[in-house]
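Sequences listed follow chains A and B, in order.
Counting with this note's numbering, you get residues 1 to 113 for the letters of the first sequence.
Counting with this note's numbering, you get residues 114 to 228 for the letters of the second sequence.
Since the hints were made in silico from the structure, they are not lab data.
Please note: incorrect hints may appear among the correct ones.
[To be verified] Listing some non-contacts, in silico: residues in chain A with all C-beta distances to chain B over 10 Å:
{"#": "1", "residue": "Thr7"}
{"#": "2", "residue": "Leu11"}
{"#": "3", "residue": "Arg67"}
[To be verified] No farther apart than 16 Å at their CA atoms in a straight line, the calculated lysine to aspartate or glutamate pairs in the EDC-like style are these:
{"#": "4", "chain 1": "B", "residue 1": "Lys162", "chain 2": "A", "residue 2": "Glu101"}
{"#": "5", "chain 1": "B", "residue 1": "Lys174", "chain 2": "B", "residue 2": "Glu201"}
{"#": "6", "chain 1": "B", "residue 1": "Lys174", "chain 2": "B", "residue 2": "Glu133"}
{"#": "7", "chain 1": "A", "residue 1": "Lys13", "chain 2": "A", "residue 2": "Glu82"}
{"#": "8", "chain 1": "A", "residue 1": "Lys57", "chain 2": "B", "residue 2": "Asp208"}
{"#": "9", "chain 1": "B", "residue 1": "Lys181", "chain 2": "B", "residue 2": "Asp167"}
Positions of the beta carbon are idealized from the N, C-alpha and C atoms, including for glycine.
The lines below spell out each chain.
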Amino acid sequence: KAGVTQTPRYLIKTRGQQVTLSCSPISGHRSVSWYQQTPGQGLQFLFEYFSETQRNKGNFPGRFSGRQFSNSRSEMNVSTLELGDSALYLCASRQGSGNTEAFFGQGTRLTVV
Amino acid sequence: AQSVTQPDIHITVSEGASLELRCNYSYGATPYLFWYVQSPGQGLQLLLKYFSGDTLVQGIKGFEAEFKRSQSSFNLRKPSVHWSDAAEYFCAVCDSGAGSYQLTFGKGTKLSVIP
Numbered sequence: 001k002a003g004v005t006q007t008p009r010y011l012i013k014t015r016g017q018q019v020t021l022s023c024s025p026i027s028g029h030r031s032v033s034w035y036q037q038t039p040g041q042g043l044q045f046l047f048e049y050f051s052e053t054q055r056n057k058g059n060f061p062g063r064f065s066g067r068q069f070s071n072s073r074s075e076m077n078v079s080t081l082e083l084g085d086s087a088l089y090l091c092a093s094r095q096g097s098g099n100t101e102a103f104f105g106q107g108t109r110l111t112v113v
Numbered sequence: 114a115q116s117v118t119q120p121d122i123h124i125t126v127s128e129g130a131s132l133e134l135r136c137n138y139s140y141g142a143t144p145y146l147f148w149y150v151q152s153p154g155q156g157l158q159l160l161l162k163y164f165s166g167d168t169l170v171q172g173i174k175g176f177e178a179e180f181k182r183s184q185s186s187f188n189l190r191k192p193s194v195h196w197s198d199a200a201e202y203f204c205a206v207c208d209s210g211a212g213s214y215q216l217t218f219g220k221g222t223k224l225s226v227i228p
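Between the sequences and the hints, there should be enough to build the whole structure, so can you do that?
Printed below as a string of structure tokens:
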């Protein structure tokens, strides 16, 4: 069974631009969560999607948004990029019901210059 | 709100020595607890999990962890460390309230292994 796939692996953007990151969960998993990892703040929860609905959102500005498609694939978008958005963005996949664990992808390394 | 504390930022051990990484959590209900490992530039790999039942849980790569409710701890152990265990380790607690699923992570413990 294939794991969680995130694309692209690396991205360089300029301040003010927007970016879209993609995540394909493990087959059969219906829950996708996104996390931001930075040296200063560590791992922080962005949002969770389940069956195309956002179930929860972390404490991030409205520039951060996401969506989930009917095949459970998810995208997150960051508009008007700031230097502080440079981070490793991790996607986690989970079956979505019951006591189950989350499996993470390799992440997308975003650098804003 | 839940929180996780990993008191040790960096630990260095010799290959073959035993290892214990500390984790303390703050959570009102029965916690779901996890340990993840991350190699440089990579994603997180799940080592083990605790949902309920036996308080000593076994994971991959020879790791185990013990849930102690009285101490709000979930320490990770390995009897004999290998050089390939050098990585960063994260303890996490899950908040599954209101039908959502959100992991709160500690700041991580970086493990260095001396040959």
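Find the hints from earlier in the document that the structure breaks and name them by number, from lowest to highest. Structure breaks no hint.
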